[in-house]
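Student: For this one, chain A is given, so just place chain B on it according to the hints.
Quick mapping for you: the protein sequence lines, in order, are chains A and B.
Quick note, the numbering used here runs 523 ahead of the 1-based positions in the first sequence.
Quick note, the numbering used here runs 517 ahead of the 1-based positions in the second sequence.
Just so you know, not all the hints are guaranteed correct.
Stated by the list, open to error - Computed footprint of chain B on chain A, listed as stretches where at least three residues anywhere in the stretch have a Cβ under 8 angstroms from a Cβ of chain B:
#1 625-633
#2 743-754
#3 936-945
#4 966-976
What the hints assert, rightly or not - Subject to a maximum C-alpha distance of 30 angstroms in a straight line, what follows is the list of computed DSS-like cross-link-like pairs (lysine-lysine):
#5 A:K811 to A:K1004
#6 A:K953 to B:K524
#7 A:K563 to A:K770
#8 B:K597 to A:K950
#9 A:K950 to A:K563
#10 B:K597 to A:K770
#11 A:K851 to B:K597
#12 A:K950 to B:K524
#13 A:K538 to A:K593
For the record, the hints were derived by calculation from the structure and aren't laboratory data.
The beta-carbon is built from N, C-alpha and C at its ideal position, and this holds for glycine as well.
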Amino acid sequence: MDMQVAKKKLSLKEKYKLMTRDLGWDTTYHTKDEVFPYVKYEGIKIHDWDKWEDPFRLTMDSYWKYQAEKERKFYAIIDAHAQNNGHLNITDASYLSALKIFLQAISPGEYAAGKGFARMGREFPGVGTQVACQMQSIDEIRHAQTQIHALSNYNKFYNGFHAFADARDRMWYCTLPRSFFDDALSAGPFEFMIAIGFSFEYVLTNLLFVPFMSGAAYNGDMATVTFGFSAQSDEARHMTLGLECIKFMLEQDPANLPIVQGWIDKWFWRGFRLLGVVGTMMDYMLPKRVMSWREAWGIYGVENGGALFRDLARYGIRPPKGWDDAEKAIDHMSHQFMLALYQYNFGTAFHSGIPSEDDMAWLSKKYPDTFDKYYRPRWAHLTKLKEAGTPFANMGLAKLCQTCQIPTVFTEPDDPTSICQRETEYKGEKYHFCSDGCQHIFENEPEKYIQSWLPMQQLFQAPINGDLGAWMNWVSLIPGKDNGDYDGSEDQRNFEAWRKQATSNQ
Amino acid sequence: MAVTSTKPYVAVPRDLVQNFNGKQIVYVCWDHHMLFATPLMLVVEPGMLLGDMLENVVKPLIGPDPDSAAVDLTQVAWMKSGQPWVPDLGVSLAANGIVHKEQLRFSTPGLNSLLAA
Chain A
524 MDMQVAKKKL
534 SLKEKYKLMT
544 RDLGWDTTYH
554 TKDEVFPYVK
564 YEGIKIHDWD
574 KWEDPFRLTM
584 DSYWKYQAEK
594 ERKFYAIIDA
604 HAQNNGHLNI
614 TDASYLSALK
624 IFLQAISPGE
634 YAAGKGFARM
644 GREFPGVGTQ
654 VACQMQSIDE
664 IRHAQTQIHA
674 LSNYNKFYNG
684 FHAFADARDR
694 MWYCTLPRSF
704 FDDALSAGPF
714 EFMIAIGFSF
724 EYVLTNLLFV
734 PFMSGAAYNG
744 DMATVTFGFS
754 AQSDEARHMT
764 LGLECIKFML
774 EQDPANLPIV
784 QGWIDKWFWR
794 GFRLLGVVGT
804 MMDYMLPKRV
814 MSWREAWGIY
824 GVENGGALFR
834 DLARYGIRPP
844 KGWDDAEKAI
854 DHMSHQFMLA
864 LYQYNFGTAF
874 HSGIPSEDDM
884 AWLSKKYPDT
894 FDKYYRPRWA
904 HLTKLKEAGT
914 PFANMGLAKL
924 CQTCQIPTVF
934 TEPDDPTSIC
944 QRETEYKGEK
954 YHFCSDGCQH
964 IFENEPEKYI
974 QSWLPMQQLF
984 QAPINGDLGA
994 WMNWVSLIPG
1004 KDNGDYDGSE
1014 DQRNFEAWRK
1024 QATSNQ
Chain B
518 MAVTSTKPYV
528 AVPRDLVQNF
538 NGKQIVYVCW
548 DHHMLFATPL
558 MLVVEPGMLL
568 GDMLENVVKP
578 LIGPDPDSAA
588 VDLTQVAWMK
598 SGQPWVPDLG
608 VSLAANGIVH
618 KEQLRFSTPG
628 LNSLLAA
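Chain A with its partners taken away, still in its complex shape (with noise of 0.2 angstroms):
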């Protein structure tokens, strides 16, 4: 006779069904639309939230002990970075520049985007659903804190970092990628997962993250390239649950259509938007240099991005709206972006300079068709300003997009030679912004925008009423130190003088 033995391990598939789906329940004390109540008023209409796939079947369980083993490995390798003196290893103390604004700007958003995700992984009905947001919502607040605890190390010796989550909040270049996430966060659950999910994760995270990690690379900055491993087989995740999201909304109702590709509209260009820095960085920041932005454009936006689109036509999606646009200006961004940069640069807390001779070769071969033309005079007089001993200050400060809160720098699309200028008017109030993308946006919702907290207009009401002083001082920006040009900075003096003592017997 055979003895009946219950099975010592689960099936994969077994234990997902018990750890994932089995978790959920049908309500008896209140109705389902009260329990979940924001998963109605987008307008997205969803029959049944079991059609929702998991590609991989992650439980809870698994999740710990994988991002248990990271976090060992990430710490072990800041441990010996911060020991061995790693920060003498990147190429020169410019490159700092590219990870103040990362973490002034970046890090904080992936913590908005932990929130954000934490309240999905309650608001959405489906169990699979719960459990991915909240598994990325854990991912998000891991990388805002590797990505601190990576960039402390720099905190002990420079400048610019002491600071980060005051420039986060008041700094006026910082309310780029805050009001993006605000933007996202303040939407509904389905808007914010095309927002985060699809249009962030998706689409663009390859042009923010490769350049970002292989910069590092280039230049030496181990600390940098361990929190991008770190991340990386998160990433993978977090983009199958975008497309997934995308997916799903589109299979469940032909109703769904119009309201999705308004979002891809809306997030693709807000996303572009953010984006700029990234280019900025790319192509002036590094010293030493991965790929040009028009390049990793080429590589990420037009081949992947395109290829995503094709796809995606079968559900009757089209490319967003503003892919034109974004593809004439990529060889002007970045130079009106660095423009701005430098001539605001008494109010950055990171350091910015005119290019040398050497990058500005580099610059015209890589943008041969804009770069001599439009922009190498430009650099050229403001080179003999400073060489005159009066750098140039734009004290006029700028004007603010109202939707994408950058300063209003781009050009026409086509004609690179005037700033692109819209304006309407709303309730008496006029509005400005930066592009045709941003004025559709704040036309749709306008009684969202018009809230914007743009950083300028804050500088002329209490509580800084206009004083240059008080406000550095309530951005915690230490002038002279922080600020300003990175030739003749305290950066620039500590750094070769502490590589001088690491290799040499001085």
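Tutor: Leaving out everything else, chain B in the frame of chain A:
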């Protein structure tokens, strides 16, 4: 729909003119002069004479451009909110109809050292 929301939703702009201690915002752009990364944002009193604003506020700010010495701001062609416009330099901004967050543009055809290079 002015915003996608679960219930009626009315917002308050963060940069109303009453927040500026008696002043207002005016944007000024010198067309095709791209040394200036964006139009200049000025915070000035609505009672200021337009001629005074050009002479005392705008002129010093455009000084770094190599064409600035050759420009007579009383003679240039103007646009206001995208339309051709003839200002009265002897009266105030308010009397010229320049409201809060007004965009002014002036152009100086033929004068453009940094683009001609």
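Student: Work down the list of hints and note, for each, if the structure agrees.
Tutor: Evaluated hints:
Residues of the region 625-633 of chain A lying with their CB closer than 8 angstroms to a CB of chain B number 0, which falls below the three-residue condition for coverage. For the region 743-754 of chain A, the assignment as covered by chain B is violated, since 0 residues bring a beta-carbon within under 8 angstroms of that chain's beta-carbons and 3 are needed. Counting residues of the region 936-945 of chain A whose beta-carbon sits less than 8 angstroms from any beta-carbon of chain B gives 4, enough to reach three: the coverage restraint holds. Only when three residues or more bring their CB closer than 8 angstroms to a CB of chain B does the claim for the region 966-976 of chain A stand; here the count is 8, and the claim holds.
This hinted pair checks out: K811 of chain A and K1004 of chain A have alpha carbons roughly 24 angstroms apart, not beyond 30 angstroms. Taken as a hint, the K953 of chain A and K524 of chain B pair is honoured in the structure, with Cα atoms around 26 angstroms apart against an allowance of 30 angstroms. Using a Cα cut-off of 30 angstroms, the hinted pair K563 of chain A and K770 of chain A holds, with the two alpha carbons roughly 18 angstroms apart. The hinted pair formed by K597 of chain B and K950 of chain A meets the criterion: a straight-line CA distance of about 20 angstroms does not exceed 30 angstroms.
A C-alpha spacing of about 29 angstroms is found between K950 of chain A and K563 of chain A, which places the hinted pair at or below 30 angstroms, so the restraint holds. Between K597 of chain B and K770 of chain A, the direct Cα distance comes to roughly 47 angstroms. Violation of the 30 angstroms bound is thereby established for this hinted pair. A C-alpha spacing of about 27 angstroms is found between K851 of chain A and K597 of chain B, which places the hinted pair at or below 30 angstroms, so the restraint holds. The hinted pair formed by K950 of chain A and K524 of chain B meets the criterion: a straight-line CA distance of about 20 angstroms does not exceed 30 angstroms.
Between the alpha carbons of K538 of chain A and K593 of chain A the distance comes to roughly 23 angstroms, so the proposed pair stays at or under 30 angstroms and holds.
Of the numbered hints given earlier, the model fails hints 1, 2, 10; all others are met.
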